[in-house]
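Q: Under the numbering used here, the first residue of the sequence shown is numbered 279, with each subsequent residue one higher.
Rather than coming from a laboratory, the hints here were simulated on the basis of the structure.
Fair warning: there could be bad hints in the mix.
[Said to hold, decoys possible] DEER-style ranges, computed between Cβ atoms:
no.: 1; residue 1: K396; residue 2: D529; range: 26 to 34 Å
no.: 2; residue 1: Y352; residue 2: V554; range: 30 to 38 Å
no.: 3; residue 1: I501; residue 2: L467; range: 14 to 22 Å
no.: 4; residue 1: K363; residue 2: E318; range: 16 to 24 Å
[As the list claims (entries may be wrong)] When the alpha-carbon atoms are kept at most 25 Å apart in a straight line, the in silico BS3-like pairs for lysine-lysine are as follows:
no.: 5; residue 1: K458; residue 2: K487
no.: 6; residue 1: K284; residue 2: K363
no.: 7; residue 1: K317; residue 2: K363
no.: 8; residue 1: K409; residue 2: K476
no.: 9; residue 1: K476; residue 2: K457
no.: 10; residue 1: K552; residue 2: K442
no.: 11; residue 1: K409; residue 2: K487
no.: 12; residue 1: K396; residue 2: K363
no.: 13; residue 1: K487; residue 2: K476
no.: 14; residue 1: K460; residue 2: K409
no.: 15; residue 1: K552; residue 2: K414
no.: 16; residue 1: K442; residue 2: K409
no.: 17; residue 1: K349; residue 2: K284
no.: 18; residue 1: K284; residue 2: K346
no.: 19; residue 1: K317; residue 2: K346
no.: 20; residue 1: K349; residue 2: K282
no.: 21; residue 1: K487; residue 2: K460
no.: 22; residue 1: K442; residue 2: K460
no.: 23; residue 1: K317; residue 2: K284
no.: 24; residue 1: K363; residue 2: K282
no.: 25; residue 1: K349; residue 2: K363
no.: 26; residue 1: K414; residue 2: K442
no.: 27; residue 1: K414; residue 2: K476
no.: 28; residue 1: K552; residue 2: K409
no.: 29; residue 1: K346; residue 2: K282
no.: 30; residue 1: K487; residue 2: K442
no.: 31; residue 1: K476; residue 2: K442
In this text, a Cβ means the ideal position worked out from N, Cα and C, and glycines have one as well.
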Amino acid sequence: MHFKYKHLHIFRSVMIHGSATSAAVDVNMTQSAVSRTLKEFEAIVGFRLFDRERTGLRPTREAQQLFKDVKRAYAAFADVNQTAKSILNKEAGQLRIAALAVYVDGFVSRSLPRFMAKFPGINIQLIAAAKPEIEKLVAIEQVDLGITTLPATSALITVRSSIKRSAVCIFPKDHILRKKRKITLSDLLDHELIHQFKGAPLRTLIDTKFNEQELEPTIRVEIESQRAIVNIVCAGGGIGVVDPDIVSDQDRNQICCRPLTPSLEWSLALVSAKRVTPSQIAAAFLDWMYDLRPQNSSRFQ
Numbered sequence: 279m280h281f282k283y284k285h286l287h288i289f290r291s292v293m294i295h296g297s298a299t300s301a302a303v304d305v306n307m308t309q310s311a312v313s314r315t316l317k318e319f320e321a322i323v324g325f326r327l328f329d330r331e332r333t334g335l336r337p338t339r340e341a342q343q344l345f346k347d348v349k350r351a352y353a354a355f356a357d358v359n360q361t362a363k364s365i366l367n368k369e370a371g372q373l374r375i376a377a378l379a380v381y382v383d384g385f386v387s388r389s390l391p392r393f394m395a396k397f398p399g400i401n402i403q404l405i406a407a408a409k410p411e412i413e414k415l416v417a418i419e420q421v422d423l424g425i426t427t428l429p430a431t432s433a434l435i436t437v438r439s440s441i442k443r444s445a446v447c448i449f450p451k452d453h454i455l456r457k458k459r460k461i462t463l464s465d466l467l468d469h470e471l472i473h474q475f476k477g478a479p480l481r482t483l484i485d486t487k488f489n490e491q492e493l494e495p496t497i498r499v500e501i502e503s504q505r506a507i508v509n510i511v512c513a514g515g516g517i518g519v520v521d522p523d524i525v526s527d528q529d530r531n532q533i534c535c536r537p538l539t540p541s542l543e544w545s546l547a548l549v550s551a552k553r554v555t556p557s558q559i560a561a562a563f564l565d566w567m568y569d570l571r572p573q574n575s576s577r578f579q
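Could you build the full structure based on these sequences and the hints that come with them?
A: This is the structure in structure tokens:
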């Protein structure tokens, strides 16, 4: 049994209007074309749909039963049409982002309310994860976009845009380092350092620079997040080296931030799965990120 959309369309119109004449006007066809299509439909389904009377077409019980499903189908068509329009206009959909915790706590979450206001119908999932997990989630398409450091190690992901970041040294307002405009790694040796655990991207970069200069810092506390480092420094617990984005305006009332010399730089990237094109809303988020200017960085390129 194979019928076409036109059969349902004309059947529905006749059921609503009660005659082939009125239905012909509704579907912009001739009356004879409507009648011919109805006969085709009856031949396909294998039973009579209408009794022909002088006053018009009277639907059979079978037609009335079939019409219930046709109405549901048309409601579903309308829903699909509306959903398609909503997706096109970015009024509906889901955006899933996995990012390093420092950026979930920083510029990404601070910027999301403006993105949400521009696209009020979009559901957003923002996941904090380590770099290997971010690459895995992006590669297997569990998330639409990832925000992580370069280089990317997975061949299944592609870099959509990137920015340069530079670390800063943070310490309490009354710390002796406040007199310096820039901080060297040697300046850190006489002070207790609050550090991330080994394996964190920034920790790896800092350790590499210390090793290159054959320096051995005094690490007092090792902790998971950069946000926690800022909290400890704010409470007078030592000094730290962090991404400046994690330091809020309120934090700056209690601590000082100084650039490092030579600068400690890395690349931050927006990545997506290589084999798929970003969705409409993911593409809109990429465009949105182009306009973000996190502190101490160039814009996304």
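Q: Starting from K458, check that the Cα of K487 is at most 25 Å away, please.
A: Roughly 20 Å between the alpha carbons, so the hint for K458 and K487 holds.
Q: Does K476 lie within 25 Å of K409 when you go C-alpha to C-alpha?
A: holds (13 Å)
Q: Between the alpha carbons of K414 and K442, is the straight-line distance 25 Å or under?
A: Holds - the C-alpha atoms of K442 and K414 are around 23 Å apart, at most 25 Å.
Q: Does the alpha-carbon distance linking K349 and K363 stay inside the 25 Å limit?
A: Holds, at about 21 Å.
Q: For a C-alpha distance cap of 25 Å, please report whether K317 and K346 respect it.
A: Given that 25 Å is the threshold and the Cα spacing comes to 20 Å, the pair holds.
Q: Would you mind confirming whether the straight-line C-alpha gap from K409 to K487 stays at or under 25 Å?
A: holds (20 Å)
Q: Tell me if the straight-line CA distance from K487 to K460 falls inside 25 Å.
A: Cα-Cα ~16 Å, so holds.
Q: With a cut-off of 25 Å on the C-alpha distance, tell me whether K317 and K284 pass.
A: holds (13 Å)
Q: Below or equal to 25 Å on CA atoms is what counts here, so check K284 against K346.
A: holds (17 Å)
Q: Does the structure keep K476 and K457 at a Cα separation of 25 Å or less?
A: violated (30 Å)
Q: Is K476 within 25 Å of K442, Cα to Cα?
A: holds (22 Å)
Q: Quick check: does the Cβ-Cβ distance between K396 and D529 fall within 26 to 34 Å?
A: About 28 Å separates the Cβ atoms of K396 and D529, which means 26 to 34 Å holds.
In the structure shown, a violation is registered for the earlier hints numbered 4, 7, 9 and 14, in ascending order.
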